[in-house]
Structures are given as structure tokens and as C-alpha cells.
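Engineer: Sequence:
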Amino acid sequence: GSGVVRSIHVEKPRDQDIVQITMSGGAGIGLECDRSLKLDVTSAHGILVTGSNPEWACKDADELKSKQDRVFVMHRSETSSQASYPQVEAVTKTVMSSQVVQVELEDPALAILVQLTE
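Position one of the sequence shown corresponds to residue 1349 (the working numbering), numbered consecutively onward.
The hints are simulated quantities; they were obtained by calculation from the structure and are not laboratory data.
Certain hints may be false.
No farther apart than 27 Å at their CA atoms in a straight line, the calculated lysine-lysine pairs in the DSSO-like style are these [said to hold, decoys possible]: (1) 1441 - 1407; (2) 1415 - 1386; (3) 1441 - 1386; (4) 1386 - 1407; (5) 1441 - 1415; (6) 1360 - 1413; (7) 1360 - 1415.
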């Protein structure tokens, strides 16, 4: 399906609370590497996770628990898509000057998938 974007807001660069999420190696999730995967997001960024409770939930990035939460990751290639669930190995909080782009959807129950690159 698809969603309708209600608004896009580009903030001026400013100090932001940033969380770096380090996840277990890529080899176990269909990527051709075994190094850790890292994602930097604002502390209030919603992340789809599962933990001791088998249900999936959206948690703010700064609420993730090392060695307890698993993150939903979709790996896409030319011919297929594969979901995986790497474990959160570390959550590091810092303050960084950065610019944030906020995308608001008409239906708040929908999510946006973000493509990560090296």
C-alpha cells in the first residue's frame, strides 16, 4: 500500500539528542559483511522492535535495551526482499549538531522505511 504525506518540515541545524544503535553483524541478516550495523537517529525516533515480549512495538530510540531488543530490518536486493531481526548490542547517546527532516503522514498508523547506505 501507500500513504499520503501531510507535510514535510526541514529544521535548521541545531544540537540534537542523538542515539547510535549498534546491532549484531550483517552476515547473519543476509548482508555480505560480519561487522556490526550502526544507525544514528534522534532520541525520539520511533524504532520497530521486539524484546522479552514477543509482540512488535514502536519504541523511541533512547528507550532501546542492549542485549534485550531486536530491531526489524528489511534487506532488499534486485530480486528479493528479506526481513531480519538483529539484536541491539549497544545504545550510545550523544549530542550532535544536525539537521532533521520530519515527514508527517495523513495516517499516523503507517510507517516509512528508510534505506541505509554505506
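Engineer: Does each hint fit the structure? Answer for all of them.
Structural biologist: Quick rundown of the hints versus the structure:
{"no.": "1", "hint": "1441 - 1407", "result": "15 Å, holds"}
{"no.": "2", "hint": "1415 - 1386", "result": "15 Å, holds"}
{"no.": "3", "hint": "1441 - 1386", "result": "13 Å, holds"}
{"no.": "4", "hint": "1386 - 1407", "result": "17 Å, holds"}
{"no.": "5", "hint": "1441 - 1415", "result": "16 Å, holds"}
{"no.": "6", "hint": "1360 - 1413", "result": "30 Å, violated"}
{"no.": "7", "hint": "1360 - 1415", "result": "35 Å, violated"}
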